[in-house]
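Trainee: Between the sequences and the hints, there should be enough to build the whole structure, so can you do that?
So the protein sequences, as listed, match chains F and Z.
If you're matching positions, the first sequence starts at 1 in the working numbering and goes up one per residue.
If you're matching positions, the second sequence starts at 1 in the working numbering and goes up one per residue.
Calculated directly from the structure, the hints in this document are not laboratory data.
This structure is a prediction, so every number in the text was calculated from the model and none was measured.
Simulated pairs of lysine to aspartate or glutamate, EDC-like, Cα-Cα distance not exceeding 16 Å: (1) F:88 - Z:38; (2) F:157 - Z:99; (3) F:480 - F:432.
The primary structure of each chain is shown beneath.
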Amino acid sequence: MLHELENIVSDKELTEEERFEHQKKLLALDALSKLVGQFSAKPDIENVLDSLLFTFSGQFAVTSAFIYLSNVNNLLMPENYFGIGRYKSKDVTKYISIDDVLTEFFLKHNKAFKISDLKSFKEAENLATIFEMGEIAVVVPLIHNNNLLGIAGLSQKINEREITESELRMLATISQSVTPFISNIFLFSELSNLNNWYHDILNSVDQSVMVFDEQLTLRKVNNSALDIITCLKPDVNADIAEFKFRMDEVFPESHFKGWLKKIKIASSSSDSVMLENMVAKCNDEELIFKVVVSSLTNGLGNRNDIVVTLIDITNQVLSEHHLFELEKFADKGVMASSISHELNNFLALLSAGVEIAEMNIKKDKIDKTSETLVKLKEHVHSMTRFTAGLMDFTRLNTKKEMVNLKIIVEDVLSFLNVHRKFKNLNIATSIDDNIPDMLLDKDQISQLLLNVLNNAADAIKEAKRETGEIVVKIILENKKVILSIADNGTGIDPEVKDKLFEAQFTTKKDGHGYGLVTCGKIIKNHDIITEIDSIPNGGTNFKFSIPL
Amino acid sequence: MAKEELIKKTINDETAVIATGKILDNNNAFEMVSAITELQEKNFKYIVIDMNNLEFISSAGVGSILGTVENSREDGGDIILCNLSQNVLHIFEVLDLVDFLTIKTSNEDVSKVCGVEIS
Numbered sequence: 001m002l003h004e005l006e007n008i009v010s011d012k013e014l015t016e017e018e019r020f021e022h023q024k025k026l027l028a029l030d031a032l033s034k035l036v037g038q039f040s041a042k043p044d045i046e047n048v049l050d051s052l053l054f055t056f057s058g059q060f061a062v063t064s065a066f067i068y069l070s071n072v073n074n075l076l077m078p079e080n081y082f083g084i085g086r087y088k089s090k091d092v093t094k095y096i097s098i099d100d101v102l103t104e105f106f107l108k109h110n111k112a113f114k115i116s117d118l119k120s121f122k123e124a125e126n127l128a129t130i131f132e133m134g135e136i137a138v139v140v141p142l143i144h145n146n147n148l149l150g151i152a153g154l155s156q157k158i159n160e161r162e163i164t165e166s167e168l169r170m171l172a173t174i175s176q177s178v179t180p181f182i183s184n185i186f187l188f189s190e191l192s193n194l195n196n197w198y199h200d201i202l203n204s205v206d207q208s209v210m211v212f213d214e215q216l217t218l219r220k221v222n223n224s225a226l227d228i229i230t231c232l233k234p235d236v237n238a239d240i241a242e243f244k245f246r247m248d249e250v251f252p253e254s255h256f257k258g259w260l261k262k263i264k265i266a267s268s269s270s271d272s273v274m275l276e277n278m279v280a281k282c283n284d285e286e287l288i289f290k291v292v293v294s295s296l297t298n299g300l301g302n303r304n305d306i307v308v309t310l311i312d313i314t315n316q317v318l319s320e321h322h323l324f325e326l327e328k329f330a331d332k333g334v335m336a337s338s339i340s341h342e343l344n345n346f347l348a349l350l351s352a353g354v355e356i357a358e359m360n361i362k363k364d365k366i367d368k369t370s371e372t373l374v375k376l377k378e379h380v381h382s383m384t385r386f387t388a389g390l391m392d393f394t395r396l397n398t399k400k401e402m403v404n405l406k407i408i409v410e411d412v413l414s415f416l417n418v419h420r421k422f423k424n425l426n427i428a429t430s431i432d433d434n435i436p437d438m439l440l441d442k443d444q445i446s447q448l449l450l451n452v453l454n455n456a457a458d459a460i461k462e463a464k465r466e467t468g469e470i471v472v473k474i475i476l477e478n479k480k481v482i483l484s485i486a487d488n489g490t491g492i493d494p495e496v497k498d499k500l501f502e503a504q505f506t507t508k509k510d511g512h513g514y515g516l517v518t519c520g521k522i523i524k525n526h527d528i529i530t531e532i533d534s535i536p537n538g539g540t541n542f543k544f545s546i547p548l
Numbered sequence: 001m002a003k004e005e006l007i008k009k010t011i012n013d014e015t016a017v018i019a020t021g022k023i024l025d026n027n028n029a030f031e032m033v034s035a036i037t038e039l040q041e042k043n044f045k046y047i048v049i050d051m052n053n054l055e056f057i058s059s060a061g062v063g064s065i066l067g068t069v070e071n072s073r074e075d076g077g078d079i080i081l082c083n084l085s086q087n088v089l090h091i092f093e094v095l096d097l098v099d100f101l102t103i104k105t106s107n108e109d110v111s112k113v114c115g116v117e118i119s
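Mentor: Here's what the structure looks like:
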């Protein structure tokens, strides 16, 4: 190959020595062209700089060489030192610093130096001394556009030969030829880091971002978008970093009727366009998205990328739907479900009371029967008050009097004990002796207790406990009375806990949550502070602190 | 230019052979260094580089050998180049490395250096 290159360069008759020199230069040219090729392709920085060092080694017959890039802050690379041979493991630049004086010196003398010659320059004396100790024989600055990127150094030539002036010039030429490319490495590195940074930012947002090129082929997605694509297209291998789906494959007509056309039309606008309510089915779940379509031009203005952002509004829509339903009820002024729920509670008490009365009659216990009938009358009275007051979400009729919480609890429990729902449950009470009378609406507190006990029984049933247990406690603590109801049911999810007394909230399959909303009102009417301790599948403890 | 594959072969505990492809240049110099370094780390004393197929070696290709030879020599071993064509040998002559590197023209001569039969 050398002979072929020779013929291109010269057909002059050369001496043996001239031929060797010539061929050496040809080898250098060949090396340079290959280096340029390597630098120009997407460079693996370490490989490319090592390649340069190997070239120095072979071309100048040295066993060791290094490159030190001094502008490391701009480089954003983990390494700024590259070495081969003896200098591979030993960072010979550890003790040097390229200060302004040295930089000025090298910018002024952009050439290769023997260390022995470098020593004669005051500005570089220190550097030369350190390099001499490290057995470095030659140094060349790497300069591009009047910026010192770093320096390269070579060991002594093999067999202790001296590097020639011609070789020094060749070294300088090769170095000067590649510094533009080394400078590009900075750019490549920064671009790569920028690219990673942008990708990290894209992945940090919840919205799903998809970038299509002007051929409508998917070019880039963030993690959120990848989740949606793999959900909608389960056969896609999510490990593939890049896949070339067309837009009609991402939004097929069979699943997204009319949407491809909408997106295409929206992409022709110079402004971002928001499209409402794209519905997609994913794992038997219906997802609803807002779609934002924007088009981007590249810096040259000759390419349009289309950015499609999907914003998941499924939960928002469902909440709005619930709210709408609530408002419908409010508008119509009909709280049928709420009322029927509360009536059911009262009816439970009445039914239990009737059963007790029947039992007592059979046993000829007239006094007991009378007692029961009195209690029944009270409950009917409460019901009447309830229906007369039109229990809705905006007001409860409140009539407070001095009553003892202990009596209210005992009354409610005595009736519930015979109710089918509570028959197989162990209901224990623990009531302090010194509970004072308090200003309470007896009916409302009964309702509150009834609702919580009802839900406790349901939770225990759902948990399928062998022994269902409810513990009702009343204690006096500082200036309040604490009523707690603990059960060993299914427990409440932490997300649910906070919403328990709000809006139309229920976790029951056929529930509606109005009962607990009423409780919310009762709690508010009595300035009760509520704490709920609950662990999913670990039971629940409602704690109501009622101020004296 | 496609990378040329290197083929490695173990002769015994001390000697291994790396056979080059047609070209050893910037594109595969790194692989050559990795191959040599790997064998040195496994304590192979003699690393024979069979250049039977080699048509051209660039400065970088030469440097990949030059940058690793001292490691072997410090451990009492060597890197031996063998079966060089005239063209390839000429390149080593141009770069004035013939006296420094151990270059053998035949497997027989290599065997004399490392004491084993190289086929």
